Amino acid sequence: MGWATLWLKMNAGSQDSPAYQFISIQELYDLLLIYVTHDSMGYHSINKTLARLARVSKWTSGPALDQLWKELSHPSQIISLLPDEVYKVHSPSGQYILRRTLVESDFVVFDKYAPRVQFVDINTSLTANAGCELFSTLKSFRDPIFPHLLRFDWHASAKFNTMGAFHLISRHHNVPRDRFALNMLGNIKDSDAPYPALKSFTTGAGLAETIALFQKRLSFWLPDVSTLEINTQTYLPRSIILEGIKSLSHLEHFDSRVSLGADILAYFAGLPYLKSLHIWKEEDATIASVAKLRKGTNSSTKFPVLEGLEFQTTRSAAEEFITLIESSCLERVAFEITDFHPIESSMFARITRLPNRTSTLRHFTFHTPDHALAATMRHVVFDISAFEPLFACHNLETLDLKVDAYAVEFDDTNLERMAASWPQLRTLRVYSRYTQQFGYVPPKVHLYTLWHLVEKCRELRQIEMAVDARVEGPFDPPHDSPVTCSHSVEKISFFLSPLANPTHVAAFLDRAFPNIIEFNAGLPKEEEARKAPSWFVVNEALPNVDREWRELSRRAQHDSSDSNCGFQ
898 MGWATLWLKM
908 NAGSQDSPAY
918 QFISIQELYD
928 LLLIYVTHDS
938 MGYHSINKTL
948 ARLARVSKWT
958 SGPALDQLWK
968 ELSHPSQIIS
978 LLPDEVYKVH
988 SPSGQYILRR
998 TLVESDFVVF
1008 DKYAPRVQFV
1018 DINTSLTANA
1028 GCELFSTLKS
1038 FRDPIFPHLL
1048 RFDWHASAKF
1058 NTMGAFHLIS
1068 RHHNVPRDRF
1078 ALNMLGNIKD
1088 SDAPYPALKS
1098 FTTGAGLAET
1108 IALFQKRLSF
1118 WLPDVSTLEI
1128 NTQTYLPRSI
1138 ILEGIKSLSH
1148 LEHFDSRVSL
1158 GADILAYFAG
1168 LPYLKSLHIW
1178 KEEDATIASV
1188 AKLRKGTNSS
1198 TKFPVLEGLE
1208 FQTTRSAAEE
1218 FITLIESSCL
1228 ERVAFEITDF
1238 HPIESSMFAR
1248 ITRLPNRTST
1258 LRHFTFHTPD
1268 HALAATMRHV
1278 VFDISAFEPL
1288 FACHNLETLD
1298 LKVDAYAVEF
1308 DDTNLERMAA
1318 SWPQLRTLRV
1328 YSRYTQQFGY
1338 VPPKVHLYTL
1348 WHLVEKCREL
1358 RQIEMAVDAR
1368 VEGPFDPPHD
1378 SPVTCSHSVE
1388 KISFFLSPLA
1398 NPTHVAAFLD
1408 RAFPNIIEFN
1418 AGLPKEEEAR
1428 KAPSWFVVNE
1438 ALPNVDREWR
1448 ELSRRAQHDS
1458 SDSNCGFQ
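In our numbering, the protein residues as written are 898 to 1465.
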């Protein structure tokens, strides 16, 4: 039983007390294990344990059922809550058909479980999404169908029979309450079923009525959420999107995978409560128009409280847009530059132009195209010194650089500067395969220089970069070093990293980062050709690396050699 259980029983009162009965349930300890080993147990094992827990005691039934029904991705789960005699499954389509008209007494079991649903994901990965076709009928009895729905992710498609999920939305009752994601992979009127057996079900009157409701103004049905995600490609005009967005009273987070245009961005710029924004491939002219549109409004303030910005666009559009942002509380910036262009420090100086941002900025991501470039572009250098303005941001926690299109100029001095400037750093990633594509140049950051991170960055969790690990002797730390190791680092990846003396390298890593549980490293192909020592020797020597992770690294060896990604 264990001393902890014995102590609980001794202090829980009599055997008839609710406290004693509660801690006497073995399944309760299974539930605790779910939170300890959630990732390794797997979805089905977790549900099996929760189902057992729901049956054994009235004290735990409610919480267990809440967990079991919290997330829903199969519409058929809800239909199965109706009495068996109410519906039948059509063969071969698998769709549901009502045998008779529903009555109030059919919802006894339904009302026990449906209110527990908080997250719904209806997508096109299922063959038929059986059950969606009855949601309109359910809504005539229960509106909203899921009264406590917080988040709804929906791929709207007549073709894949998901249009019925439209009826999970209830603008009048503010359902879903927090987050709504609308995805469209095709024209909403496209009802050509992927399988002939579904044809009769995707072209019925119920579907036509639902599509008609969907095509009304977005303000008629769009849930008044704080987080909205739009991925409608060209199937929903910008004017319709803008009309819907203007109907939301407290939009704080917006994520888009479509080009929004100047009108929508100008509207966002004036919102007093917008905290995060994701922009997708806006043209230079569009960004230039935003400032002009804002000048015509009563307020010239632009993005006053923005905390997070992520965008994929050209370098010049990115520079222009950053200039528009007047928020003094910017925490997260993520660039994905879609064109190839020399990168200069002036670009990042625009981020830190407001004094407060040097203390608020915590996460910075910068990615460039990873496709192969023309020979005339091979010699463009990405100099880490371009980040000079960011060194003033002493609370930075994440630096994530993926710059395959550039030769990275990154040396020991740069790393020392980072360590000294960013004591709160948790993730350091400087990734480039440029040398693998256009000619190998050994990395200029030497392995033992990582000791500066050990000394200065006590919150560091993850390192991913290229290092020169061709050490000649064992590591000898500075006599005045204030620390002996970094217990926080758990993940390390060294790509395209030459190696010598694996024993010394492993000894350094074990001394500097004794709690590594994930370690991945690879040689440049030039080093492989000359039969250099393998990083697997180092991997095997690190005592705390997770066994499963080590085995995955071993299995990936052949794949990495074929793809030249520089890992073993």
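Calculated from the structure, these hints are not laboratory results.
Model, not experiment: these values are computed from the prediction.
Fair warning: there could be bad hints in the mix.
Each computed DSSO-like pair below joins lysine-lysine, with the alpha-carbon atoms no more than 30 Å apart [unchecked claim]: (1) K1192 <-> K1056; (2) K1172 <-> K1192; (3) K1299 <-> K1353.
How the hints compare with the structure:
A hinted pair counts as satisfied when its Cα atoms are at most 30 Å apart, and K1192 with K1056 does not qualify at roughly 44 Å. Under the criterion of a C-alpha separation no larger than 30 Å, the hint pairing K1172 with K1192 is consistent with the structure, at around 22 Å. The suggested pairing of K1299 with K1353 holds, with an alpha-carbon distance near 24 Å, which does not exceed 30 Å.
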